[in-house]
Amino acid sequence: MNNLIILPILIPLLTGIILIFFQKNIRIQKVISLIAALTGVVIAAIVVQTVHTSGIQTLEIGNWQPPYGIVLVADMYASLLVLATSIIGFTALLFAFYSISEDRERFYFYPGVQFLILGVSGAFFTGDLFNLFVFFEVMLMSSYMLIVLGSSKTQLRESIKYILVNVISSALFVIAVAYLYAVTGTLNMADLSVKIAEMGQSGFLTVIAILFLIIFGLKGAIFPLYFWLPGSYQAPPSVVTALFGALLTKVGVYSITRVYTLIFYHEPGFTHQILAWLAALTIIFGVIGAIAYWDIKKIIIYNIITAVGVILFGIAANTPNAVEGSVYYLVHDMIIKGALFFLVGAIITVTGTSNLRKFSGLIASKPLLGWMFFIATLSLAGIPPLSGFIGKLKIVQGGFEAGEYTIAFVVLLSSLLVLYSVMKIFINGFWGEPSNEAEFKAKSTKGLYVPIAILLALSIAYGFGIEFISPYISQAADTLLDPTIYIQAVLKE
Amino acid sequence: MKKTHVKTNDVIFQTVTKVVAFIIIIYSLHLFFSGHYTPGGGFIGGLMTASAFVLMLLAFDIKTVVNTLQVDYIKLTATGLLIAVLTGVGSFFFDVPFLTHTFDYVQLPLLGKTALATAVLFDLGVYLVVIGVTMTIIQTIGETE
Chain A
1 MNNLIILPIL IPLLTGIILI FFQKNIRIQK VISLIAALTG VVIAAIVVQT VHTSGIQTLE
61 IGNWQPPYGI VLVADMYASL LVLATSIIGF TALLFAFYSI SEDRERFYFY PGVQFLILGV
121 SGAFFTGDLF NLFVFFEVML MSSYMLIVLG SSKTQLRESI KYILVNVISS ALFVIAVAYL
181 YAVTGTLNMA DLSVKIAEMG QSGFLTVIAI LFLIIFGLKG AIFPLYFWLP GSYQAPPSVV
241 TALFGALLTK VGVYSITRVY TLIFYHEPGF THQILAWLAA LTIIFGVIGA IAYWDIKKII
301 IYNIITAVGV ILFGIAANTP NAVEGSVYYL VHDMIIKGAL FFLVGAIITV TGTSNLRKFS
361 GLIASKPLLG WMFFIATLSL AGIPPLSGFI GKLKIVQGGF EAGEYTIAFV VLLSSLLVLY
421 SVMKIFINGF WGEPSNEAEF KAKSTKGLYV PIAILLALSI AYGFGIEFIS PYISQAADTL
481 LDPTIYIQAV LKE
Chain B
494 MKKTHVKTND VIFQTVTKVV AFIIIIYSLH LFFSGHYTPG GGFIGGLMTA SAFVLMLLAF
554 DIKTVVNTLQ VDYIKLTATG LLIAVLTGVG SFFFDVPFLT HTFDYVQLPL LGKTALATAV
614 LFDLGVYLVV IGVTMTIIQT IGETE
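Chains as they are written, first to last, in the numbering used here: chain A, 1 to 493; chain B, 494 to 638.
Honestly, the hints are just simulated from the structure, not real lab data.
Honestly, I wouldn't trust all of these hints.
[Unchecked claim] With a Cα cut of at most 27 Å, we get these calculated DSSO-like pairs of lysine-lysine:
# : chain 1 : residue 1 : chain 2 : residue 2
1 : A       : Lys443    : A       : Lys153
2 : B       : Lys556    : A       : Lys24
3 : B       : Lys568    : A       : Lys30
4 : A       : Lys24     : B       : Lys511
5 : A       : Lys30     : A       : Lys492
[Unchecked claim] Pairwise CB distance ranges (calculated):
# : chain 1 : residue 1 : chain 2 : residue 2 : range
6 : B       : Val559    : A       : Lys446    : 35 to 45 Å
7 : A       : Met141    : B       : Leu614    : 21 to 31 Å
8 : A       : Gln49     : B       : Phe536    : 36 to 46 Å
9 : A       : Gln234    : B       : Tyr530    : 30 to 40 Å
All C-beta atoms, glycine included, are put in the ideal place defined by N, C-alpha and C.
Between the sequences and the hints, there should be enough to build the whole structure, so can you do that?
What follows is the structure in C-alpha cells.
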C-alpha cells in the first residue's frame with residue numbers, strides 16, 4: 001500500500017479541476033499551476049528515488065488485488081519518464097506565461113495543460129492495458145483542445161486531420177484490446193505476460209502484437225504512420241508544439257517498448273525484426289524531411305520522427321546495451337526537444353516568421369539566443385560532452401552486437417544529417433548579414449530564455465553527470481530486459 | 494424552426510413540459526440511486542436529468558431556461574469532478590489505497606435499514622459531470638449564431 005505513486009497523476013488532476021473555477025482570474029491560474037508543477041517535479045523526483053532505493057512500487061487502486069483491479073506500477077523506466085514529463089510541464093508553463101496570448105489563457109489553456117500532463121503521467125504509470133487506453137484518451141482529448149485553441153484557419157484544418165487519425169487509432173486500440181482479451185482473458189499487463197508465456201506466442205498473438213505496433217505507431221509517429229504529424233504539430237503555438245513533441249509521441253514510444261518487452265517478447269525474430277526495419281525507415285524519412293525544409297519549425301518536427309526511430313531501434317535490437325541506450329536517448333530526447341521547440345518559439349517571436357530564408361544575422365541582435373541554440377543543436381546531434389551522445393553510442397553498440405550492421409550505420413549517418421539540418425538553421429539564421437537588426441533588437445524576449453536555460457542546463461548536466469545517472473538508467477533497462485522483475489513486483493508471486 | 498411572422502402558440506407543449514419535466518427528473522433520481530443493485534447509475538441518471546432540461550429548452554427559449562435554473566454548467570462539471578476525485582483522496586486519511594470505497598448498513602428514520610456506500614459520492618460526481626457536459630454542449634451550440 002503506497003499512495004505516493006498516485007500523486008503525479010492526482011496533482012495535475014486536482015489542479016486542472018481547481019483552475020476551471022478561476023477561469024476569469026488569469027493571475028491566480030498562473031500561480032496555482034506553477035505551484036502544482038513545482039510540486040509535481042519534487043514528487044516525481046521522490047518517486048524516482050524511492051524506486052531506486054526500494055524497487056518497483058505498485059499501488060492496487062481501490063484495494064483490489066491484481067489481476068482483478070487496476071494496478072499502478074512505477075518501475076524505474078516509467079518513473080524517469082514521469083520525472084521528465086513533470087520537468088517539461090514546468091518549463092512549458094514558464095514559457096507559456098510569456099508567450100501565450102490572453103484570449104487563449106482565458107479559455108482554459110492552463111487546465112488543458114494540466115489534463116495533458118495527467119494523461120501522460122497516467123499512461124506511464126498504469127499497469128493495465130485498458131487503463132492505458134483511458135489515459136491515452138485523457139491525453140488526446142486535452143491535446144485536441146490545445147491544438148485547436150485559438151481557432152486560426154490552419155489550426156482548424158490541422159485539428160480535423162489530427163482528431164480523425166487519432167479517433168481511428170483509438171478505435172483500433174479498442175479492437176486490439178478486445179482480441180487480446182478474447183485470447184487471454186485478462187488485461188493486466190503482468191498477468192498478460194504470464195498467460196502468454198504459458199500458452200506460447202501463437203500466430204494469432206503475433207498478429208495482435210503487430211496490431212499494437214500499428215496503433216502505438218500511429219500515436220508515436222513511426223514510418224509509414226507519421227503522415228499526420230508534420231502538419232498537425234506545425235499549427236499550434238510553439239509552447240503547445242513543445243509539449244506535444246516532447247511528450248505525446250514519447251507515450252507511443254513508451255507503449256511500444258512496454259508491450260514489446262513485457263508482453264510480446266517470445267517471437268523476436270518476427271516482431272522485433274519488423275520493428276527494427278520500421279525504425280530504420282522512420283529514421284531515414286525523418287532526416288529526409290529535416291534536411292528538405294526551410295521552415296525552422298518543420299525541421300525540428302521532422303527531427304522528432306528521426307528520434308522516435310532511433311529509440312525504437314534500440315528496443316528492437318534487444319541487447320542490454322541497446323535497451324539501456326534507448327532509455328538514455330528517450331529521456332535526453334524529451335528534454336532536448338522541449339528546449340528546441342522553445343528556442344524555435346523564441347526565434348519566431350523575434351523574427352515574426354519561421355521561414356529560414358526571410359532572416360539572417362540574428363546573432364548580432366540576440367547573441368544569447370544564438371549560443372543557446374548552438375548548444376542545443378550539438379546536444380541533439382550527440383556531440384560527446386552533451387546529453388545525446390551516450391544514448392546513441394549505446395544504441396549503435398547494441399545494434400552491432402545484435403548483428404544489425406545496416407541499421408546501426410543508418411543511425412550513425414542520421415546523426416550527421418540531423419546535425420546538418422539544425423546547423424542549417426544556425427548558419428543561415430544566426431550568421432550572415434544582419435537583416436532588420438534594429439527591429440529584432442527591439443523585440444522583447446522577456447522570460448522566454450528562462451525555461452530554455454533550465455532545459456539546456458539539464459541537458460548539459462545529463463551529459464556530464466552520466467556516472468551519477470547510470471545506476472538509474474541501468475535499473476530501468478534491467479526491468480525492460482527481464483520481464484520477471486516486473487511480474488513479480490505486480491503479482492507478488 | 495422556420496421563422497414566420499405569425500406567432501406560434503405552444504401552450505399545450507409548454508404545459509405538458511411543466512408536468513413531464515418533473516417526472517423525468519424524479520425518474521432520473523430513481524435511476525441514480527438504484528445503480529448499486531439494479532441497472533442505472535450516475536451516467537444514465539445524469540443523461541436523464543439533462544434530457545429533462547433539454548425538454549425545457551425545446552419548450553421555452555434559452556433565456557427563460559437559463560434564468561430559471563441559474564446554473565453555470567462548466568462550474569457544475571468541475572464540481573462533479575472535484576467530488577469524484579475527493580472521494581478518492583479521502584483514502585489518504587484512512588491509510589488505504591487510492592479510491593478504496595467502503596459501505597455500511599445504517600438505520601435511517603424513514604427508510605429503515607439502508608446501505609450507505611461511499612461509491613454513491615463518486616457516482617454523484619459522475620452525475621454532475623454528465624449533466625454539466627451535456628448541457629454545456631447543447632447550450633453552447635444553441636447560443637452560437
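Quick rundown of the hints versus the structure:
For the given pair, Lys443 of chain A sits about 26 Å from Lys153 of chain A by alpha-carbon distance, which is consistent with the 27 Å threshold. Note on Lys556 of chain B and Lys24 of chain A: the hinted pairing holds, with a Cα-Cα distance of about 23 Å set against a maximum of 27 Å. Our distance criterion of 27 Å between C-alpha atoms is met by Lys568 of chain B and Lys30 of chain A, whose separation comes to about 19 Å. At most 27 Å may separate the alpha-carbon atoms for a hinted pair to count; Lys24 of chain A and Lys511 of chain B exceed this at roughly 35 Å.
Between the alpha carbons of Lys30 of chain A and Lys492 of chain A the distance comes to roughly 43 Å, so the proposed pair goes past 27 Å and is violated. For Val559 of chain B and Lys446 of chain A, the hinted distance range of 35 to 45 Å is satisfied, since their beta carbons lie about 42 Å from each other. For the pair Met141 of chain A and Leu614 of chain B, the beta carbons lie near 25 Å from each other, so the given range of 21 to 31 Å is met. Taking 36 to 46 Å as the suggested C-beta distance range, the pair Gln49 of chain A and Phe536 of chain B conforms, at roughly 40 Å.
Checked against the given bound of 30 to 40 Å, the beta carbons of Gln234 of chain A and Tyr530 of chain B, roughly 53 Å apart, lie outside it.
Hints 4, 5 and 9 from the list above are not met by this structure, while the remaining hints are.
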